[in-house]
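Engineer: Residues per chain, in single letters:
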Amino acid sequence: MRFLRGGGIAGFVIRRVLLGLLVMLLVSIIVFVSTQLLGDPARAILGRDATPDRLAALQKQLNLDSSKVGQYFHWLGGLLSGDLGTSLASSQPVTSVLGARIANSAVLVVLAAVISVPISIAIGSYAALRREKVFDTVSSNLMLVLAALPEFVVAVLLVILLSTNVFHLLPAISPVPPGTHAWDYPDELVMPVATLVIAVAPYVSRIMRASMIEVLESDYVEMARLKGLPERTVLIRHALPNAIGPVFQVIAINLAYLAGGVVVIESVFNYPGIGLALVDAVNNHDIPVVQALAMLIAAVYVVLNLLADVATILVTPRLRTRL
Amino acid sequence: GGGSAPAPSGGDTSAAGTPKKGGNFRLGVTGGGSKDMMDGQNIVTKPDQARLVTAFETLLEFDDNYQLQSTGLAESVEADSPTQYTIKLRDGITFQNGKPLTADDVIYSLQRIGTQANGLTGFAATATMDIKNLKKIDAKTVRLPLLSADSTIPQTLASYTFGMVPKGYQAYKGDPSTQIGTGPYKLKSFTPGQQSVHERYDGYWRDSYFDQVTITDFSDSTAQINALKGGNIDAMTDLPANQVNAIKSSGVEALISQTGGWIPICMAIDMAPFDDPKVRQAMRLIIDRQQILDQIGSGYGQIANDLYSPFDAGYNKDLPQREQDIEQAKSLLKSAGKEGLTVDLHTTNGASGMVELASVFASQAKQAGVNITVKNDPNYYGDAYLKLAFSVDFWGTRGYLNQVQQGSLPNSPYNETHWPPKSGEGSNFGDLYKQALAETDDAKRADIQHEMQKAEYDVGGYIIPYFNSLIDAHSSQVQGLKPSKGTLNLAGFGHGFRTIWFA
Amino acid sequence: MTTDQLPAGETETTGGGAAVTVRDLRISTTSGVEVVHDISFEIAPGEVLGVVGESGSGKTTVGLSLLGHARRGLKIAGGTILLGDRDIRAMSDADLRRLRGSLVSYVPQDPASSLNPALRIGIQLREVLEAHGSTDDKENAARIAEMMREVALPDDPAYLKRYPHQLSGGQQQRVGLAMAFANRPRLIVLDEPTTGLDVTTQSTVLTTVRELAQIHDVAALYVTHDLAVVAAVATRVAVMYAGRIVELGPADKLFESSGHPYTRRLVGAIPRLTGGRSLVGIPGHAPSPGKRPAGCAFGPRCRLHVPECDEKVPDMVPLGPDHSSRCIRAHEVVDFKQDDYGDPVALPEPQAEKPVLTIENVVGYYGSTEVLHSINLTLEQGEILAVVGESGSGKTTTARAISGLHHSWTGSIRLGEMELAKSARARSTDIRRQIQYIFQNPYGSLNPRKTIGESVGQPLSVFKVASGKKADAMVGEMLEQVSLSAAYARRYPDQCSGGERQRVAIARALIAKPSILICDEITSALDVSVQAAIVELLGELQRELGLSMVFVTHNLPLVRSIAQKVAVLADGSIVEYGETAKILANPQQEYTRHLISDTPSLEVATGEVASGAGVADGERPE
Amino acid sequence: MSQTESAPALAEGVDVPTPSVRSTALLARSLRLWRTRIGAFLTLILVVIALAGPLLAPHASDDFIAKPFSSAAASGTVFGTDYLGYDVLSRFLYGGRSILLTALVATVIGVVLGVVIGLVAAYARNALDDILMRLMDVIMAFPQIMLALVAVSLVGAKNSVIILAIALTTAPRVARVARGAAQPVVERDFIGATEAMGVSRVRILFGELLPNILGPMMVEATLRLTYSIAVIAALAFLGLAANPDAANWGIMIQKNQVALASEPWGALLPILAIALLTMGTGLIGDGIARTAAGIDRERGDE
Ligand SMILES: Nc1ncnc2c1ncn2[C@@H]1O[C@H](COP(=O)(O)OP(=O)(O)OP(=O)(O)O)[C@@H](O)[C@H]1O
Ligand SMILES: Nc1ncnc2c1ncn2[C@@H]1O[C@H](COP(=O)(O)OP(=O)(O)OP(=O)(O)O)[C@@H](O)[C@H]1O
Ligand SMILES: [Mg+2]
Ligand SMILES: [Mg+2]
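Chains as they are written, first to last, in the numbering used here: chain A, 1 to 323; chain B, 1 to 503; chain C, 1 to 622; chain D, 1 to 302.
Derived by calculation from the structure, the hints in this document are not laboratory data.
Hints may be right or wrong, so weigh each one.
Stated by the list, open to error - Once the Cα atoms are required to be at most 27 Å apart in a straight line, the calculated DSS-like pairs of lysine-lysine come out as: (1) B:Lys482 x D:Lys67; (2) A:Lys133 x C:Lys75; (3) B:Lys188 x B:Lys132; (4) D:Lys158 x B:Lys366; (5) C:Lys75 x C:Lys422; (6) D:Lys67 x B:Lys366; (7) D:Lys158 x B:Lys387; (8) A:Lys60 x B:Lys317; (9) B:Lys482 x B:Lys422; (10) B:Lys88 x B:Lys99; (11) B:Lys317 x B:Lys434; (12) B:Lys20 x B:Lys317; (13) B:Lys317 x B:Lys444; (14) A:Lys60 x B:Lys366; (15) C:Lys450 x C:Lys513; (16) D:Lys67 x B:Lys248; (17) B:Lys434 x B:Lys422; (18) B:Lys444 x B:Lys330; (19) B:Lys422 x B:Lys338.
As the list claims (entries may be wrong) - Here are some chain B residues the structure puts well away from chain A; computed CB gaps all over 10 Å: (20) Lys173; (21) Lys229; (22) Ser250; (23) Asp276; (24) Gln321; (25) Glu323; (26) Val343; (27) Ala443.
For each residue, glycine too, the CB sits at the ideal point set by N, CA and C.
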């Protein structure tokens, strides 16, 4: 892997982007091939109404007769030029079908990330500091319990607690009417975001705790203390930057997981995002939409990983200067 | 036999209070998705039904007892002869763009349905209509000639997919202003899979009360119930039967309508092992209808007798109610050499109850030594559909002959049982059907229907355990809802959202 | 930070002028097991007290206690630690914090892991000053520059912007020293600061320490397990064994006429540059905390052991001014002559003209970088060939190329007449059997999930020598041959000490009946006493079995005790090659001379050999 | 016991055998921690319920007891009836087996596959490593639930499909960890020692490398089991479960969750069971991880 050297941080980013694009290319092949297995989209669209004549008419309309390879390159070309095709189910361009939904899901994921990451880093670090003490025991076990609860359970329990049965504080659903923005309804976002936060925080805080403990045990933290540095300096300047490096990867994986995890949450809260769109598209065998969503989610994963790598490099001079 | 449906609740609210204008009626509907559409004469999903009836009306209408009434756009639909009808339009009806409804619109509407390439739901029902030769007599009168006698024409015209659209009408393609009907609400915005908003049309020819109707898609009934309980919607479709008691406590009411809808277990009469009438007979003796009604419908529904269309005037009430008889079923199977039969039963989540029916039936069949494996196949309505020996399907309320035309003739689009047989009892079914269509005398037609039903009862391929109820729920603020025997939820969505109002 | 500094002056002090006074210090684990017992010593300003002892004897623990610090799981259980006249144990946390880094500072063993990898060294230096009240940036910058010069590092801002990993090990260690001296402390604790550094760097660091201590009149506690290092740097030495100081006295006294059997044997275990004497290891090992006997902890390993030794822990017996030993027979011990340990021995003559291994024009690469330049060597039957050189000179690469573990080379390596393929896998079973490789790190070379028996028996099955009962018997025999018992076969590596593991590794190599043994620094991870025992064993085996060996090491004195021939590698080339005695006595190359002079040795310390030029002008560009 | 003169003290042996790192011993040692014990206890109970449940059930899994969602009192049962009128307790007792087995089989396949890939990649240290790991990246780019969703809708909610989908998505995640754990081991000298001996690659992978990453792999396996259970439950929640008439905790949650507010047991029992099971396996994993870390610390740096 000699060519994977040199060029400093910019060179690294360029190489990672190229690698990411390679992954995306492979992803696109897999997505295309596997969505071919979804079967005849015309029949899928018509469902019970698939009488031979209607079927024939639709197949012609969908232009399903050209070669598979040709279809793939046509699709790929479309992807690259921002044309995701036309939804089979709604006959609308995929971009317009998904545009608002992507924005909605992004709001959820970004909010969840912005809230859960600092919280879990704080909890994990503090637990590591108070290792084996009350806070650590309580938070570790709580995190374990939360991690054990599937997110739909968390969501359902939140609904029962906060909106239907116990208290009536928040709306039970978050429909975000079309033409409006998710952030116009802060009260509707509370529960979905809380569910996602609860889904992510345990893992991040656990890793943060472990990483922090390792750093606190390290020679250089002991050395910093032996230098007579104030504890604050030891923690903030010496421990934290080193502890956070390995956590970036975990955050990335978890946020990428969120992009898929929204499926369940959106279904509970009837939140019009990509999760519901995916379930719907899969049920309708709406191949262009499934393809677009698969590519989107994969892209999110690739980008998050890239960001995590870059972030890790940035906080790890050893890696940075080796580039 | 007879149903044991608990007394429907919520029906008496309409008596209370006088209608009031105003408000935004928020309806939550399951079963929608990105396939959602809007067309005055077509539906794909359940929310489409609700959307259709906001803006489009039919020439004739069914009342809450599923009886034909000329309360619709036509003053009358008369049979001039077995092969010709005359349609007379009501005066003073305008489309939502102010243009009056005329004979041209009716001709355009019927021809639109009758053109196969348009792919509309009602196409099959226009088979007997001489669509090309529809004739405008005057601005308000249309002559509908038939290719062959068809006494079901008035019923057909009353089906909700026979909505009247203005001449030149096209399905929704992104512009709400194209959705012009004669109905009480005019489309304001529509996002498939999510929501549509409908504003009151002030020039509507009858009364309507809401300022606005908002139809929201839900992915599952749990979210729907939560939303209703939480006050985020005013009404919802398809409350699971087992939730009727649970929701009562929370300011929410159930609307239970006994309909003629049915969930049959379909045996293809020409496929093994059901090509032997004894096996079919045995299966029908195995099923415990009351248990199915209790467990799947929570008791909301009516025991059926393997026959459909209970509200049809020609429904054969004289045939004895089949009861479970395991012993006889066993001996029938034995004499057919099919003891210990093992068979796959295909089903899908197409309508609520389909999967459960298969499960419950499978467990009942064990008593007779029949081993049924339930196959829940999400692609059921794909290549396999209509080619299966043993499957579950669903149907809504229809008149008998309409139903036969849809599902029980060799050329029917949805003939799951491959009925009728080529020989033996029932092989004259097709001829009888034609006779019945041509018969204008109600009593005589009923006799023919009885004969047809007898054949289906004896050797047909359907097991019809019960007629289900449509159970919907609404907040107690919503007034004017009464149970209805019709096909559509919430009493035809409050008759196109015009007979309901907020207290 | 100069307010409470003592006046510079005498180094020979035991009175109230001591920079630090430790009395009856006891340190135990939090669960109560005592780890360090009854430690008492003093260090005068400007004096360097060396602390030596085997791994686990408690050196680090004592060193850290001088900063009022105990590692996680340990606590200071009793005794007093006076810094000047201030009692460290009575101080509050805040006071301790102010104390650390200003009055007492610490230089850790492993600079690589003790410098924060995420912070530039400039920042790490500056914060010591800032934490103790010097907030003036200009002043600090000037002070940092001064410190850097003192430890002979560049003081330009660009250098200070470097991260720790951009420095060599020696430079890192000197940054650590600079940090420790930054606030002109009165006491500095150095915990094996040169372990892991090559000899040249080590000698530089030692010089720096000594000079700084003298110039600034700082008391220093220098912890090491290497007696030779102590000899080079310390004025007084405390020898620790099993948590106790067993002997305390002036350095020269300790090496010439030590008063404790343990010290004696330690000295005897150290290879001499002058050679001529076989090494004698100390069999067995020190008991760990909680398992220490009621009497003398060294008793079970002591040749002078008498029953009284086991009655109680012996008291310190004064032997002379400032010299005492914890042995009831201390006075007898003093009278022994050091030379009683280790017989003079002649290395066996190799059977010449029968080269078993011929290396011709071998050029080795990593990727496209050439790291070996045309190596030519021959190994005669029954000969031990030592390969020495600084770190990175290509010793390991050469050894791995011979054994087929490094594949990227050109040239020719022949076993007898047979040309060797590059990769071990491509070689015949018999060749693989004939060449056996022993790795440097005994902890890494045995699979921790396999029993000793499985590891030692593996060559038997791989080379299809034997199996089943027969193999088990052979394993047992082999284990005994390397001075372990057959019962060890059932143990796992983690149940063995480092020396035992290395014996197991040797057994695994020998069981295949090889004709050539390649040993890559097989003793450098071990304590000197263990090292001596291993070398002893190898010498025996070589004599008995007529083995030929390539012995890679950076320890020149060791070479003298074991090898007939030596090849000196520098930057991938052989700079000198010939008979050991000749080359060590009369090095032809500047490089070799440096190597010899930088090597700390008892001979220099005890005056047997005049100090070479290297110690004085040991500064080499990094 | 014979001993040579030069090693008198050796045979008396090592006074403190440092803690063993063998995998069986690791498990045993980890059981000294309370969290592992609690985890093992929870897991054991639920496994027993899942396996022996059918023997304890008061009713057959397909006996209709009363109308759907009847209360305990009304139906004369312990936890009332479910959405079809089956006895909740009996369904619960019958319903653990399949989800547990499905999750277990899927996890085992995924972990084995992942470990093999991870080991091969770590040992290869060349282009093969890069290729394998990029491939894993590609698979990882699809969230588990999404891949399962698509697979199930492609082929139907068969157990085999669910198992394959979960196994396939588990493998790359395990492979990453396995590779990470194996990389430092590959660098250790005992691997070189076996290479110099000419031991076959397969033997090195499974005889030498594998035993040394069992600790982290056990942690990973419990974690993956936890995820698998959650994914299967989530699939069921989305209405995609094999064999809809079988008693199955996942399906129970999906079908009965609508009554969580009124007759909660039908959904709550399986939710609790799954939560406790995942918590149990999580605790075990945590305990093993802590023990392994503890051992590594006690062993000191090598
Ligand atoms: N945190 C701890 N908890 C319990 N015992 C410990 C702890 N740290 C060290 N010990 C024990 O205390 C003893 C002394 O350890 P110490 O590190 O001081 O030895 P050392 O002489 O510095 O050894 P080395 O040369 O290996 O650095 C050892 O036996 C060790 O096992
Ligand atoms: N894996 C590697 N990749 C690239 N270069 C390497 C690698 N291993 C060693 N080198 C380089 O090859 C040269 C020789 O290294 P080698 O390990 O043989 O030295 P050595 O004499 O054994 O040193 P030491 O005493 O530190 O063990 C050095 O310059 C080193 O940096
Ligand atoms: Mg130490
Ligand atoms: Mg080396």
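Engineer: Against each hint, give a clear statement of whether it holds in the structure.
Structural biologist: Here's how the hints hold up against the structure:
1. B:Lys482 x D:Lys67: holds, 26 Å
2. A:Lys133 x C:Lys75: holds, 19 Å
3. B:Lys188 x B:Lys132: With a Cα-Cα distance of about 34 Å, the restraint between Lys188 (chain B) and Lys132 (chain B) is violated, given a limit of 27 Å.
4. D:Lys158 x B:Lys366: holds, 23 Å
5. C:Lys75 x C:Lys422: violated, 55 Å
6. D:Lys67 x B:Lys366: Within the cut-off at roughly 21 Å; holds.
7. D:Lys158 x B:Lys387: Distance of about 21 Å is within 27 Å: holds.
8. A:Lys60 x B:Lys317: violated, 48 Å
9. B:Lys482 x B:Lys422: violated, 45 Å
10. B:Lys88 x B:Lys99: holds, 18 Å
11. B:Lys317 x B:Lys434: Distance of about 22 Å is within 27 Å: holds.
12. B:Lys20 x B:Lys317: Roughly 43 Å between the alpha carbons, so the hint for Lys20 (chain B) and Lys317 (chain B) is violated.
13. B:Lys317 x B:Lys444: Distance ~16 Å between Lys317 (chain B) and Lys444 (chain B) Cα, so the pair holds.
14. A:Lys60 x B:Lys366: With a Cα-Cα distance of about 47 Å, the restraint between Lys60 (chain A) and Lys366 (chain B) is violated, given a limit of 27 Å.
15. C:Lys450 x C:Lys513: Roughly 22 Å between the alpha carbons, so the hint for Lys450 (chain C) and Lys513 (chain C) holds.
16. D:Lys67 x B:Lys248: At roughly 17 Å apart (the allowed maximum being 27 Å), Lys248 (chain B) and Lys67 (chain D) satisfy the hint.
17. B:Lys434 x B:Lys422: holds, 17 Å
18. B:Lys444 x B:Lys330: violated, 39 Å
19. B:Lys422 x B:Lys338: holds, 23 Å
20. Lys173: Given that some Cβ of chain A is not farther than 10 Å from that of Lys173 (chain B), nearest at about 8 Å, it is violated.
21. Lys229: violated, 5 Å
22. Ser250: Non-interface label fails for Ser250 (chain B): nearest chain A Cβ at 8 Å, not farther than 10 Å.
23. Asp276: About 28 Å separates Asp276 (chain B) from the closest Cβ of chain A, which puts it past 10 Å; holds.
24. Gln321: holds, 30 Å
25. Glu323: It holds; Glu323 (chain B) is separated from chain A by about 32 Å at its closest Cβ, greater than 10 Å.
26. Val343: holds, 23 Å
27. Ala443: At roughly 35 Å from the nearest Cβ of chain A, Ala443 (chain B) sits farther out than 10 Å, so the non-interface label holds.
Comparing the model with each earlier hint shows violations of hints 3, 5, 8, 9, 12, 14, 18, 20, 21 and 22; every other hint is respected.
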